[in-house]
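Input sequences plus hints: build the corresponding full structure.
There are 2 protein chains.
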Amino acid sequence: MAKSPVTDPNEDFPRWYQDVLAKAELAEGGPARGTMVIRPYGYAIWERIQAEVDTRIKRAGAENVYFPLLIPESYINREAEHVEGFSPELAVVTVAGGKELAEPLVIRPTSETVFGEHMARWINSYRDLPLRLNQWANVVRWELRPRLFLRTSEFLWQEGHTAHADRADAAAYARRIHLDVYHDFLTKALAIPVFIGRKSAVERFAGAINTFACEGIMRDRKALQLATSHELGQNFARAFDITFTDQADSEQHAWTTSWGASTRMVGGLIMAHGDARGLRVPPAVAPIQAAVVVVREDEESIARAGELVAALSERGVRVKLDAAVHVGFGRRATDWELKGVPLRIDVGPRELKDGNVTLMRRDEGGSRPFAIDQVAAAVPRILEELQSDMLAEATRFRDGSVVDAGTVAEAAEAGKSGVGRIPWALLGTDGERALLDEGVSVRCIQREDGSLPEAEDEPGLVAIVARAY
Amino acid sequence: MAKSPVTDPNEDFPRWYQDVLAKAELAEGGPARGTMVIRPYGYAIWERIQAEVDTRIKRAGAENVYFPLLIPESYINREAEHVEGFSPELAVVTVAGGKELAEPLVIRPTSETVFGEHMARWINSYRDLPLRLNQWANVVRWELRPRLFLRTSEFLWQEGHTAHADRADAAAYARRIHLDVYHDFLTKALAIPVFIGRKSAVERFAGAINTFACEGIMRDRKALQLATSHELGQNFARAFDITFTDQADSEQHAWTTSWGASTRMVGGLIMAHGDARGLRVPPAVAPIQAAVVVVREDEESIARAGELVAALSERGVRVKLDAAVHVGFGRRATDWELKGVPLRIDVGPRELKDGNVTLMRRDEGGSRPFAIDQVAAAVPRILEELQSDMLAEATRFRDGSVVDAGTVAEAAEAGKSGVGRIPWALLGTDGERALLDEGVSVRCIQREDGSLPEAEDEPGLVAIVARAY
Numbered sequence: 476m477a478k479s480p481v482t483d484p485n486e487d488f489p490r491w492y493q494d495v496l497a498k499a500e501l502a503e504g505g506p507a508r509g510t511m512v513i514r515p516y517g518y519a520i521w522e523r524i525q526a527e528v529d530t531r532i533k534r535a536g537a538e539n540v541y542f543p544l545l546i547p548e549s550y551i552n553r554e555a556e557h558v559e560g561f562s563p564e565l566a567v568v569t570v571a572g573g574k575e576l577a578e579p580l581v582i583r584p585t586s587e588t589v590f591g592e593h594m595a596r597w598i599n600s601y602r603d604l605p606l607r608l609n610q611w612a613n614v615v616r617w618e619l620r621p622r623l624f625l626r627t628s629e630f631l632w633q634e635g636h637t638a639h640a641d642r643a644d645a646a647a648y649a650r651r652i653h654l655d656v657y658h659d660f661l662t663k664a665l666a667i668p669v670f671i672g673r674k675s676a677v678e679r680f681a682g683a684i685n686t687f688a689c690e691g692i693m694r695d696r697k698a699l700q701l702a703t704s705h706e707l708g709q710n711f712a713r714a715f716d717i718t719f720t721d722q723a724d725s726e727q728h729a730w731t732t733s734w735g736a737s738t739r740m741v742g743g744l745i746m747a748h749g750d751a752r753g754l755r756v757p758p759a760v761a762p763i764q765a766a767v768v769v770v771r772e773d774e775e776s777i778a779r780a781g782e783l784v785a786a787l788s789e790r791g792v793r794v795k796l797d798a799a800v801h802v803g804f805g806r807r808a809t810d811w812e813l814k815g816v817p818l819r820i821d822v823g824p825r826e827l828k829d830g831n832v833t834l835m836r837r838d839e840g841g842s843r844p845f846a847i848d849q850v851a852a853a854v855p856r857i858l859e860e861l862q863s864d865m866l867a868e869a870t871r872f873r874d875g876s877v878v879d880a881g882t883v884a885e886a887a888e889a890g891k892s893g894v895g896r897i898p899w900a901l902l903g904t905d906g907e908r909a910l911l912d913e914g915v916s917v918r919c920i921q922r923e924d925g926s927l928p929e930a931e932d933e934p935g936l937v938a939i940v941a942r943a944y
Numbered sequence: 476m477a478k479s480p481v482t483d484p485n486e487d488f489p490r491w492y493q494d495v496l497a498k499a500e501l502a503e504g505g506p507a508r509g510t511m512v513i514r515p516y517g518y519a520i521w522e523r524i525q526a527e528v529d530t531r532i533k534r535a536g537a538e539n540v541y542f543p544l545l546i547p548e549s550y551i552n553r554e555a556e557h558v559e560g561f562s563p564e565l566a567v568v569t570v571a572g573g574k575e576l577a578e579p580l581v582i583r584p585t586s587e588t589v590f591g592e593h594m595a596r597w598i599n600s601y602r603d604l605p606l607r608l609n610q611w612a613n614v615v616r617w618e619l620r621p622r623l624f625l626r627t628s629e630f631l632w633q634e635g636h637t638a639h640a641d642r643a644d645a646a647a648y649a650r651r652i653h654l655d656v657y658h659d660f661l662t663k664a665l666a667i668p669v670f671i672g673r674k675s676a677v678e679r680f681a682g683a684i685n686t687f688a689c690e691g692i693m694r695d696r697k698a699l700q701l702a703t704s705h706e707l708g709q710n711f712a713r714a715f716d717i718t719f720t721d722q723a724d725s726e727q728h729a730w731t732t733s734w735g736a737s738t739r740m741v742g743g744l745i746m747a748h749g750d751a752r753g754l755r756v757p758p759a760v761a762p763i764q765a766a767v768v769v770v771r772e773d774e775e776s777i778a779r780a781g782e783l784v785a786a787l788s789e790r791g792v793r794v795k796l797d798a799a800v801h802v803g804f805g806r807r808a809t810d811w812e813l814k815g816v817p818l819r820i821d822v823g824p825r826e827l828k829d830g831n832v833t834l835m836r837r838d839e840g841g842s843r844p845f846a847i848d849q850v851a852a853a854v855p856r857i858l859e860e861l862q863s864d865m866l867a868e869a870t871r872f873r874d875g876s877v878v879d880a881g882t883v884a885e886a887a888e889a890g891k892s893g894v895g896r897i898p899w900a901l902l903g904t905d906g907e908r909a910l911l912d913e914g915v916s917v918r919c920i921q922r923e924d925g926s927l928p929e930a931e932d933e934p935g936l937v938a939i940v941a942r943a944y
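For the protein sequence lines, the chains are A and B, in the order given.
Counting from 476, one number per residue, gives the positions in the first sequence under the working numbering.
Counting from 476, one number per residue, gives the positions in the second sequence under the working numbering.
Treat the hints with caution; some may be incorrect.
No distinction is drawn between identical chains; accordingly, a pair holds when it is met within one copy or between any pair of copies.
Below, simulated EDC-like cross-link-like pairs (lysine to aspartate or glutamate); rule was C-alpha separation at most 20 Å, straight line [to be verified]: (1) Lys-498 <-> Asp-603; (2) Lys-574 <-> Glu-564; (3) Lys-574 <-> Glu-618; (4) Lys-663 <-> Asp-838; (5) Lys-697 <-> Glu-888; (6) Lys-498 <-> Glu-538.
Honestly, the hints are just simulated from the structure, not real lab data.
Below you can see the structure in the form of structure tokens.
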């Protein structure tokens with residue numbers, strides 16, 4: 476087997492990550508500090524992710540909007556908790572149109588404040604509720620230690636903001652987004668078996684009365700927060716005067732939620748599935764699901780490969796023909812592995828003589844002959860199997876990383892090299908702070924069977940603890 | 476007929492435009508100067524536009540990428556013509572992360588300079604060509620006289636940048652984008668019968684050796700430039716050192732193109748199709764193609780309307796149920812007209828008795844009874860007819876606005892109140908400057924039959940002249 480073009484992830488995981496980004500041509504640094512250039516292959520993955528998430532958001536009844544990039548500084552100062560969280564991260568425009576601005580403009584770190592302002596205008600009566608809005612946009616938060624896709628000064632994301640007539644409706648909607656949008660997408664499309672649960676008071680989003688999170692376990696056994704949804708109670712509505720007249724004609728503050736996920740998910744995909752040969756992309760979000768590779772210059776191979784591409788394309792498979800026979804086969808094979816394309820179909824004269832092509836699943840690595848006249852019909856099913864096998868493999872890895880802890884010290888130990896699980900009643904906020912001193916945090920609090928708790932103080936909950944990105 | 480909720484466009488077109496934006500809930504001003512909040516209905520139209528254009532861009536072989544929002548000031552200063560064009564429009568970040576920046580960062584007015592920088596890195600040999608990239612993003616150009624969708628300080632757009640091995644390939648690609656992406660989209664999806672042609676040297680994009688433009692004629696008979704594509708020769712490649720080794724192993728500068736279209740197209744849609752009752756949206760880009768309206772509280776009507784919505788939805792029609800019977804029928808009918816939904820299907824007890832619903836085409840205005848058990852099957856065909864009728868109507872309007880001029884004075888006269896057409900040989904650059912003094916500009920230069928010239932100096936070309944947005 477040819478030497479892998481990337482560093483061994485078991486030796487140096489951060490360097491492996493950088494190698495995959497560069498060699499698979501996913502992204503590179505931009506000219507300004509902490510910014511990122513997303514290259515065609517990386518962006519195509521993001522487009523697939525975006526489409527899958529967007530479909531689920533619309534199914535959950537939210538509508539897309541677009542708010543401006545630039546926000547007057549006074550808006551940001553309106554919500555005290557907001558200022559505290561974002562002020563050191565802001566990028567500020569002081570000159571525009573050739574003149575010093577009377578009031579500086581901030582590049583949105585989120586659009587929260589503008590959503591608040593306009594939602595207040597759009598909501599009058601209970602008939603206007605629920606109001607469910609979402610935005611896909613770029614945001615800027617100045618980063619001193621940037622890392623492509625995981626932490627960049629500018630990133631792409633979606634942020635949802637909704638207003639409801641009562642607490643129960645807001646709570647149900649935050650839960651629905653958490654489960655039907657994020658959890659469903661992450662497991663079914665990204666094939667990442669996330670831990671789901673509530674955030675502890677320490678880890679909760681500022682201003683939220685409850686935060687749900689999806690936490691993935693990467694191949695270095697560190698946790699990555701992939702999506703969050705928040706119940707904001709009436710805090711946000713009070714700060715922005717979001718009120719409505721209820722059915723009894725009395726004025727009430729609305730109950731709001733917010734929720735988001737970002738290009739960080741691309742980083743999660745790389746780190747949850749990648750291996751020593753490079754990236755591995757689950758078929759559901761793969762820009763190229765199958766590469767049909769002409770092994771070497773041969774008229775018959777080129778003709779059969781072309782037919783195969785047409786047949787696969789007709790079946791809705793995202794397929795790419797590789798007939799670059801002027802490049803050695805080995806180098807091309809390594810490159811398709813590096814790019815993590817789920818399925819490779821090699822078409823060469825030797826196999827064709829027996830009516831076969833060679834099929835290679837990127838997740839398993841092995842190759843096997845397959846009858847050329849049956850392969851196109853078989854591929855959609857193979858891709859489905861591959862998708863669920865990737866989820867199963869990641870689930871085994873995740874579960875194998877978990878150690879049940881009976882004391883805070885055991886939880887710290889487990890969390891330093893993998894994932895610890897400890898009864899929340901045993902850990903508590905004091906134990907949580909002790910873990911933080913060791914670089915381990917509570918990722919989420921869930922039921923023992925892994926499901927979502929109804930309430931914070933439900934008996935029998937467990938805390939999932941780990942180091943985190 | 477109820478009073479229209481919008482100003483009569485024949486009386487005050489600009490005010491009519493503002494009314495439509497506000498009353499149809501398309502967009503409103505944002506908190507910072509010249510910025511825009513795109514509301515759900517307006518954004519849904521933009522999403523349809525984006526999807527249609529993106530499909531065509533991908534079909535033309537370009538791949539999407541994402542470059543950073545913030546660009547070091549030195550990048551912008553690199554291309555002299557660039558600076559001249561954009562400098563007064565720039566928004567500049569001088570503070571970030573709580574500190575004064577050593578080098579100010581400019582918010583991209585386009586990503587041209589960063590494309591140039593990275594394309595130079597990615598291109599080595601002729602094998603890397605053509606390189607065809609596109610980006611969907613927000614850009615900022617400070618506007619002193621903003622007008623929603625038409626001219627805003629921040630707008631959403633796509634910009635394509637490609638590099639080719641020779642002039643002919645670059646020229647063919649700029650032409651392909653102009654015809655297969657923009658012209659095809661504008662006529663087939665937006666139903667706007669644009670004038671196509673080359674820009675005169677006076678109107679050409681700075682740094683381009685040729686600019687193709689699509690010019691729509693609005694209902695006030697002013698022209699709106701809806702999309703442009705440029706051949707940049709080797710100018711851009713020289714400024715950014717975009718070179719490649721050709722097959723003879725000698726180093727060459729690449730030949731580049733760039734091309735773009737923006738949220739301005741939403742403004743074009745409003746002004747090309749709107750009428751005294753509000754917006755009219757062509758089915759291809761309509762977020763709601765058909766509204767099924769329950770006329771009044773009636774169990775049978777509600778049941779039948781629900782079935783109809785399901786049947787239409789199954790046929791792929793984007794349909795919405797309006798069962799808000801607590802609001803008067805007249806008000807709801809006016810609102811669907813205002814929003815420009817192509818087809819309205821009213822379901823009420825009187826018509827149901829005869830097995831009918833009432834069908835109303837927004838473009839024609841009249842209503843007619845239709846058998847309820849046949850309507851779902853008929854709607855897709857009716858929508859297709861409606862789409863091509865809208866194009867035909869807009870074409871008649873456009874053609875009716877054109878006056879053939881035999882002198883520069885006649886062309887100026889025609890251009891001031893509509894569209895003038897004059898032999899380009901007769902007008903020339905001197906005539907063009909005389910027109911400009913009258914507020915009339917050359918929108919494009921085309922063949923007499925309306926098709927795209929091969930060369931600037933082709934005999935028999937005509938100039939299309941008008942006032943423009």
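Which numbered conditions among the earlier hints are violated in the structure presented, ordered from lowest to highest?
No hint contradicted; all consistent.
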